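Q: Let the sequences and hints guide you as you build the complete structure.
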Amino acid sequence: MRKRLQKKSKSEPKYKVCDANGNLLVRCLVCIEGIEPGIARGIIDCGHDQFCFACIKDWANVTNKCPLCNLRFYTIKELNGQQTISIEDKDQKKPEVNDPFLIEVRCIKCGSDLDEDIMLLCDECDNGFHTTCIGLKQIPELDEWFCDECIIEKPLEIQENQKLAMIKAGREEEKEVIEQEPKKRKRLRKLGDQIKKNQKRRTSSSMENVEICLN
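Take 1 as the starting number for the sequence shown in the UniProt record's numbering and just add one per residue.
No wet-lab data here; the hints were simulated from the structure. Quick caveat, the model's predicted, so the values are computed rather than measured. Do not rely on the hints blindly, as some may be mistaken.
What the hints assert, rightly or not - Distance ranges between label pairs, derived from CB positions:
| # | residue 1 | residue 2 | range |
| --- | --- | --- | --- |
| 1 | Asn127 | Arg72 | 44 to 50 Å |
| 2 | Asn61 | Ile152 | 53 to 59 Å |
| 3 | Ile139 | Asp89 | 43 to 49 Å |
| 4 | Ile32 | Asp117 | 19 to 25 Å |
| 5 | Cys125 | Lys90 | 28 to 34 Å |
| 6 | Ile108 | Asn161 | 34 to 40 Å |
All C-beta atoms, glycine included, are put in the ideal place defined by N, C-alpha and C.
A: Listed below in structure tokens is the structure:
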């Protein structure tokens, strides 16, 4: 035996909820609460009526698109009542962003604007760098941070402080550079001592030659 499917009317509520006594109520799609018997319901042009009259009226102050099907409506009628109100066409306008800090920043290394929480901005050139793209495990603890191109223009004290902060943040290459610097200075001292010895030898040899010539 086949059952004949009956077409539901547009105003038939589809979304329901039970109250404290187990009674079935239509759920308002704006406030998401059950519509009690004493509360007026509103029906709009597309036929949807799952709204408190007051809720859909407030909704229309922002946009005249149905919360359910997104079609525009221009009237709200009180279901089983006499009240009807006209609605003007409205659009939700995006606020204009004039804040200079709310700009799109892309990582110079990878070109992505994602993962803003690990994006470092150079305090000199404003270029962005993901910490992971420049070999860091975390954001360095610095009041000001400068990229590799800008840091070389800063005083040596700032350069040294940033190097130490970068090491703490996990940048191994900075650690290697600092570890190599004492060795480099030691090699330079040895080279300087060798040059001085050679100069003394040349001076002594020259003086001996002069004495021989005089004699």
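Q: Look at each hint and say if it fits the structure.
A: To see whether the hints hold, each was checked on the structure:
At about 45 Å, the beta-carbon gap between Asn127 and Arg72 stays in the expected band of 44 to 50 Å. At about 58 Å, the CB distance of Asn61 to Ile152 agrees with the hint of 53 to 59 Å. Judged by the Cβ atoms, the range 43 to 49 Å given for Ile139 and Asp89 holds: they are separated by roughly 48 Å. Evaluation of the 19 to 25 Å hint for Ile32 and Asp117 yields a failure: the beta carbon distance comes to about 32 Å.
Between Cys125 and Lys90 the beta carbon distance is about 44 Å. The supplied range of 28 to 34 Å is therefore violated. In this structure the supplied range 34 to 40 Å is violated for Ile108 paired with Asn161, their Cβ-Cβ distance being about 23 Å.
Hint compliance for this structure: hints 4, 5, 6 are broken, all remaining hints hold.
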